[in-house]
Amino acid sequence: MTLAMLPYLLAFLLLVVGLYAVVAKRNVIKIIVGLAILDYAVNLLLVLVGYRPSPSGSPMAPILTGGVAHEPALVAGAVDPLPQALVLTSIVIGLSVTALVVGLAIRLYEKYGTFDTERMRNLRG
Amino acid sequence: MELLLDVRVIGVPLAAGAAVYALWLLLGWAARRAAGLERLLTVTAQAVAVAALVWAAAEAVSLFAAARQGPVAWAPTGQIDLGPVALALGFRADGLSSLIVLAASGIALLVALYSLRAMAGRPRLPVYYAWLLWTVAAVNAAAMATTFLGLILAWEAATVLLYLLVGMGRPQGRAAAMKTFAILGFADVCLLLGVAILLGSGALPKDLALAGVGATDSPERVAAYLLMLAAAMAKAGAMPLHTWVPAASEDAPTPVFALLPAALDKLLGIYLLARLTFGVFAVGEALAEVLMIIGAATILLAVMMAMVQHNLKRLLAFHAVSQVGYMVLGMGLAAWVLAAGRAAGGPTAGQQAAAAIAFAGGLLHMLNNSIYKCCLFLAAGSAEQVAGTTDLDRLGGLARRLPVTFVCCLVAALAISGVPPLNGFVSKWLVYQGALQAGSGLALVCLVAAVFGSALTLASFIKVLHSVFLGTRGEAVPAEGGPGESPSMAVPMVILALACVGLGIGGGWAVDGLILPAGAAVGIQPAGIETAGGWDLNILGGRGLWSPVLATGLILAGIAVGLVLYWIGRVMRVRVVPNFVGGEDASSDATWHVSGTGFYETIRRMPGLAALFRDGGAGAFDVYRLTGHYGETLVGRLSAWHTGLLAVYASWVLVGLAALVVVLAGRWAGGG
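One line per chain: the protein sequences are E and F, in this order. Each residue of the first sequence is one higher than the last, beginning at 0 in numbering that gives the first Met the number 0. Each residue of the second sequence is one higher than the last, beginning at 0 in numbering that gives the first Met the number 0.
No wet-lab data here; the hints were simulated from the structure. One or more of the hints may lead you astray.
[As the list claims (entries may be wrong)] Here are the simulated distance ranges between beta carbons: (1) F:W640 - E:S95: 31 to 41 Å; (2) F:V661 - E:A84: 29 to 39 Å; (3) E:A104 - F:A658: 23 to 33 Å; (4) F:T632 - E:Y108: 32 to 42 Å; (5) F:L25 - E:I90: 52 to 62 Å; (6) E:D115 - F:G615: 46 to 56 Å.
Ideal Cβ positions, reconstructed from N, Cα and C, are used throughout, including at glycine.
Just chain F, with the same shape it has in the complex (with noise of 0.2 Å):
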């Protein structure tokens, strides 16, 4: 416990939540009948939770800086000897856990500014902020435990607040929350046992320390990898284990959605994948194979769900399953190029070059993508917040209400798009640069398809900004008064979309700041990527080039090239008439309103992909649903075998009972 609250980064958070739901839990049942105590403990939870996450995030700043110069680390507590296994908690930093800090800390703070106003009116607020809390808490420390033990409690802590996070949401959301926590519950199950078996085969030392295992080369070694790439998979929200992120987006709160699942899930996930891919295994060519086809599976089958989704939410959560396809095309890339080094003797200084610059659009991507998706989510709470739906059919027009979520939406939307001179595009070229220089024939496959996937994005987010942003006004949209533009849920947009714009043109100080500290924690030698004055992305000595200055600059031109055009025209004062159709004024809110959301449903009936989405939309590709469907069978069978007769339970003991007797006599005879 002193440990917990030393390490400030888990301790704030932790000490701040624990005294808020313990003054809920004092003055609770005072304060649910009068309202004017139950305001004013939501203000002191309010109050306390934003301080302590500001506390938290200027420690994680300064835990990064620090870590720059080598890993922090805390004296672990004394081991409790269970003797084949040894029970002990450590943590410490390097640049990977700090990136993961830093990041978590900074999103949850904007994520808490913005639920002041979000949230406000719900039931049992401060049990919110001190979940919320708890869950910094138990993020940040996953990502710098130095025990397995430590990481799979909190990685726990995180799945079980999550669970309960989602749950806050509106009652029918409540299945919805039980299948995120059964199928996260699984994959955390996977994840100890791929310990257990890793202890079992006497490759970890007793006190569990998430150290170097070594080659993935006999049986137990790969289950154990596959087993502990499952949980990660399933947190970071990735093909075949995605299912609960769009089951859970439609009724959980805003909010949580853009904290958990779009940010701090894809940290941990990631992470966790990392970790183990170049940390603790040397994954082989196979394996890593394997992570590449994931990657670019899930890109392309989750963007294409996305497109022709109706909701908000859950078009954005199908984008959340998407990028993570990027992230883990990335790390798959640069594991396939480090195992193929190795079986050839050594990686060379082109492998270790490629490796790095895949490892790096991986690792930037999964940083890039908190950021955006989560301001993503915060727009479509805003959007929410006026219309009260996120269902496309019934949204339009709200950009004069809200043109600063309009605005931020729109970066945020460009920059998942990959487009320059965004955040994503940086980490998406490095992605695509990794797969060119890996040389093999399944990274152009899987190039191809991320290409594709990014392309289906941009299409995809035209069509939010359409449904959601432009055209006219939706039913849903109130003509006049209600809420507007909220300045605290517009600021912590703002600065994520400013953060969007700064990551992609100072993409050389990012890399070199953020995630090369990082890759050299588990390994990865920050070959082949130059950062010369830090704005400018050189690869493998001019192989490829991002300037940044010279294409915004590029950009701007052409931005100004197109108002200069746009000018003239008007300068010729071309005749404006209203549009007429049908024999209605077009341009009026009232009767003429289209959405959006049939853009894409021509893809819906093109021959081959006809059946992907109707079997898509069914549920056949939902491991969660055909366990359900199988598990049920099975069960009914097994209940027709319980007739509530005594006589039968007993001969069945009696059965049974034969049965062990006779193999019991069969081994004592043969044993002699």
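Here chain E stands alone, though its shape is the one from the complex (with noise of 0.2 Å):
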């Protein structure tokens, strides 16, 4: 267990206790907010994947400014651009999905009159 291995293990742990959420919150809004955490908690394992350290000592963003000249630099130094890319879609796609659950806690408020999952047992065999 190396001290490059800590990151990693705060982003499972912000997964972990997104699940717990999801898992065991019996309130649909603590249910929601739980998944936007383990959302965010995957997102930051990506970029934490894509990270490397730079030459100069300080991250470099994958961004080139200064024309083809410094593309070298670049290619050398920043950190990788393909999971931020990602992160980024990811990012609205989580927007989308939790608006779509805010709207179906919505529609179950209406029906049951309440946010507790264990008056929703319409499922029970």
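Two chains, two frames, some hints: make the complex.
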């Protein structure tokens, strides 16, 4: 266990916190918050996987600013742009999922008059 | 579609049924308001159905005549290539197919004639005739299909139509219709699965042609054969998939039952059995022994259940099951003899003769059974028409009111019991001869079961004849007035009864003209049976001889002697006094009615049999009930897991995900 693993462990911890909320909480709103935390944990993990320290010490964004002449330095030092683009998409998807789930929660409240999932037991065999 | 219309025996009933149904769809809503229009629609439907069936029967006769010269084939449709499998439809009529088509078309015509009166007054009559016509088209198509695709489609159509027709009966019969559909649907899936296995193992050509596959020497082929066998057995109603037959019998309309389970389904089931066992596969000895055991067990167990029934239609339904046993036994014997011959390096002439005899017996029994069983059900329908019930306890004394029905029922009952010179005797005799010639211990055991079953059949039909037609008037039979014999119902029964007599006396002709060409279509050599002169059947050069002219002469002479004795008794002026039992006049209808239902109650209580009857009555041998019972237990377990709590479901998802991760990680680590 090296210190380099610590960010991943923290991301995993965040994931578990989200999962706990989804599985153990009774309130639909709290479950939605848990879903959001799960979402962010995954996003964070992906960004962390793409990180690498640059030769200059401070992390370098994968943005080509100073013309083509700077390209070798960028290739040598910038973090991986692929997870960043992916996570950008994922955030938007997460937003729309949250909007949908909140919409469903509002319908559930209209139907049952509560956010408590233990009172919504129509699936019971 | 053009192909279906081009094959007239399929196209004519199909198009006529579509026309009737379309007419009903167009004008049905108006007809429900105006009684006159409804009558007009019904009469049109009846006229179209009878005309179409007459046409189809005429086509079937000419097709049969043409098929005697050699198989009649139609150009198949173009193939739809789906990669591993190509879809194509094709039809051809060889000896076996044209026999099935002939019998199915003829019986359907008779049942349609019978239905004119028997089904009168029921709602949605045009729909009934449309379904009837489509059933004929489906059965003919299944019997003539050259590809498994066409066979399965037509087979499934026949199942669905049977379900719909059974459901036309009394409302309480819906559950029975459902059971019919469940069992037959299961069997149809088995057929599909069998074809899939054959295709997957590379034994079938890509276009699913109904062609020879070869010996059942690999596990896949054995499995495929057994699966397809299940479909044939369920359709024909052999044990253990027979239970839909008695269940559906009570509430289904009687003409429907006379048409489908009693006749057309038997034709289809035994057709597939013959095709599979001799045409597609070359069945091994063990599988042939399975067939023989199924046959013998079906004969004996079903007839014992039939003996103790209290409902006429249910009793006949158990006989419909029992008779299948003879057909399966005949086919099984033939398959066993051929397999034994192949194992010893090619069947000898004697073995081919034995196989031909047993096969001819089985196939002829299929034809005979569809004739007399149809006749018996039609007779039951006539009794039901008069009395409004088929409960044997409440029937009685109908012979005076329905003399034609009584005579037809008597002929058919004697035929099913295998009394010479009727047709049932000829086919059973051939099966017995086949069992004697097979030369195996199991065949002899089956022979004993078959002969015993035949005797029990006669016993239970004595009960039927007494309970329904003889004795004093039953309580359900109106004393005076009410419906009597109806000509349109009597004519089909008379034709069927005459066919029973004709195929019995002309046994040699029947085997020569109908059965041997059918056997040749699936590779049975017509050896060992000589039909010199057309009337006589001579087996193995004199080891067995059925001479109907001589036999009938002797039987008629015996009856004449009996009559003479009877008349002598009359001439001797015996004193006749009214019977008094317990101070009551026993000849009076109102006070003294002895029902026949108690005839064989004692066998229910025989040691050893008592438990069998109790469990059988409770459905312990009913696959459908057992499946339902254990299925319900299983579903009860599963439904207890449904707490309705979101958290529990989420936990299950999590557990599943974790298991998936572990498995995938393990595979990834293992695969490097």
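How the hints compare with the structure:
1. Take W640 (chain F) and S95 (chain E): their Cβ atoms lie about 33 Å apart, and the range 31 to 41 Å holds.
2. A hinted range of 29 to 39 Å holds for the C-beta pair V661 (chain F) and A84 (chain E), which are about 31 Å apart.
3. Hint check: A104 (chain E) to A658 (chain F), Cβ distance near 30 Å, so the stated range 23 to 33 Å holds.
4. Under the hint 32 to 42 Å, the C-beta atoms of T632 (chain F) and Y108 (chain E), about 39 Å apart, fit the expected range.
5. Separation of L25 (chain F) from I90 (chain E) is about 60 Å and conforms to the stated range, judged on CB atoms against 52 to 62 Å.
6. In this structure the hint that D115 (chain E) and G615 (chain F) lie 46 to 56 Å apart at CB holds, the actual value being about 54 Å.
Of the numbered hints listed earlier, not one is contradicted by the structure.
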